[in-house]
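> For what it's worth, UniProt numbering labels the leading residue of the sequence shown as 1, then goes sequentially.
These are computed hints drawn from the structure, not numbers from a lab.
The reader is advised that the hints may include incorrect statements.
Pairwise CB distance ranges, derived in the manner of DEER restraints [to be verified]: (1) N89 to K189: 30 to 40 Å; (2) G91 to P51: 27 to 37 Å; (3) S92 to D235: 37 to 47 Å; (4) G59 to Q232: 36 to 46 Å; (5) N80 to E217: 32 to 42 Å; (6) A178 to K83: 24 to 34 Å; (7) P84 to R212: 23 to 33 Å; (8) D157 to Q57: 45 to 55 Å; (9) T234 to R146: 27 to 37 Å; (10) Q219 to P84: 40 to 50 Å; (11) G218 to N89: 23 to 33 Å.
Result set (DSS-like, lysine-lysine): computed pairs, CA atoms no more than 27 Å apart in a straight line [to be verified]: (12) K140 to K152; (13) K140 to K166; (14) K198 to K140; (15) K140 to K83; (16) K198 to K166; (17) K189 to K148; (18) K189 to K166; (19) K166 to K148; (20) K148 to K83; (21) K166 to K152; (22) K152 to K83.
Remember, predicted model here, so these are calculated numbers, not experimental data.
For each residue, glycine too, the CB sits at the ideal point set by N, CA and C.
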Amino acid sequence: MTGRRDLRHGSAAWQQVWRLLALIGATAAMTAHLTLVGCTSTGEMASDVPPGFYRVQPGDSLSLIGQRHGIRYQTLARWNQLKPPYRINVGSLLRIAAPDGQVTQSSSGGKSPSQTAPAQGRSQAPPPAPGSAAAGSGIKWQWPVRGKLQQKFVSGDRTHQGVRIKAALGSPVLSTAAGTVVYSGSGLKGYGNLIIVKHNDHFLSAYGFNRRLIAREGQSVRAGQVLAEVGQATDGDALLHFEIRRDGSAVDPLLYLPRLR
Numbered sequence: 001m002t003g004r005r006d007l008r009h010g011s012a013a014w015q016q017v018w019r020l021l022a023l024i025g026a027t028a029a030m031t032a033h034l035t036l037v038g039c040t041s042t043g044e045m046a047s048d049v050p051p052g053f054y055r056v057q058p059g060d061s062l063s064l065i066g067q068r069h070g071i072r073y074q075t076l077a078r079w080n081q082l083k084p085p086y087r088i089n090v091g092s093l094l095r096i097a098a099p100d101g102q103v104t105q106s107s108s109g110g111k112s113p114s115q116t117a118p119a120q121g122r123s124q125a126p127p128p129a130p131g132s133a134a135a136g137s138g139i140k141w142q143w144p145v146r147g148k149l150q151q152k153f154v155s156g157d158r159t160h161q162g163v164r165i166k167a168a169l170g171s172p173v174l175s176t177a178a179g180t181v182v183y184s185g186s187g188l189k190g191y192g193n194l195i196i197v198k199h200n201d202h203f204l205s206a207y208g209f210n211r212r213l214i215a216r217e218g219q220s221v222r223a224g225q226v227l228a229e230v231g232q233a234t235d236g237d238a239l240l241h242f243e244i245r246r247d248g249s250a251v252d253p254l255l256y257l258p259r260l261r
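Go ahead and model the full structure; you've got the sequences and the hints to work with.
See the structure below:
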């Protein structure tokens, strides 16, 4: 037993907290993880997915994975040396971050194929409904705060796993959709005062750098309900750091939120 370890933003331990919260959606997940992290015989956290990679799940296809991470399916195919019809196997690892010297192309830059081969496995989950990522999620998303988009999501970059929205200090932070608060505190380093809301078995949303936390752990919240007040990031800017997570992995919030007018 190596004792407790800091949960740094983007670390393997930090990633596992998200997976635990997504699976059981309870405060116990945070408590158990803070106690047990670092208990392997080597003293290192066991991480089954290296940074910049994604493990293929039942029902996945290359186009669906690209949509989730904001990357064109053609780019994913090139990075992973895949040929049409782009067959992928459940459990295999796909590169979702650009290798050194290559540039990421956004999924918005081209049309998705009418069909790419689904992941090969014993079971298949139904693909999301045609259309936007929001429609496929089954959730009606809304912006969590009034302000100006300051920083966008970058797939595979641990320092850009969400968006930052510049807003007036003390502005209300609203729940992006209905759900249950599964975390309210300051134990995850790199987020300041943080709230995490679980929306269903797949989706979480996170709200960081709050000045004051209002919603409590275990509380059910409706879409648009006040969760907190906008605070300041480490550089002193008043802003909200906002993430959407699907099955524990960060996805581009702009693929789910309504278009800014």
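> Are the hints correct? Go through all of them and say.
How the hints compare with the structure:
no. : hint                     : result
1   : N89 to K189: 30 to 40 Å  : holds, 36 Å
2   : G91 to P51: 27 to 37 Å   : violated, 18 Å
3   : S92 to D235: 37 to 47 Å  : holds, 39 Å
4   : G59 to Q232: 36 to 46 Å  : holds, 41 Å
5   : N80 to E217: 32 to 42 Å  : holds, 39 Å
6   : A178 to K83: 24 to 34 Å  : violated, 43 Å
7   : P84 to R212: 23 to 33 Å  : violated, 53 Å
8   : D157 to Q57: 45 to 55 Å  : violated, 22 Å
9   : T234 to R146: 27 to 37 Å : violated, 23 Å
10  : Q219 to P84: 40 to 50 Å  : holds, 48 Å
11  : G218 to N89: 23 to 33 Å  : violated, 39 Å
12  : K140 to K152             : holds, 21 Å
13  : K140 to K166             : holds, 23 Å
14  : K198 to K140             : holds, 14 Å
15  : K140 to K83              : violated, 35 Å
16  : K198 to K166             : holds, 24 Å
17  : K189 to K148             : holds, 25 Å
18  : K189 to K166             : holds, 20 Å
19  : K166 to K148             : holds, 5 Å
20  : K148 to K83              : violated, 41 Å
21  : K166 to K152             : holds, 12 Å
22  : K152 to K83              : violated, 31 Å
The structure does not agree with the numbered hints 2, 6, 7, 8, 9, 11, 15, 20 and 22 stated previously, though it agrees with the rest.
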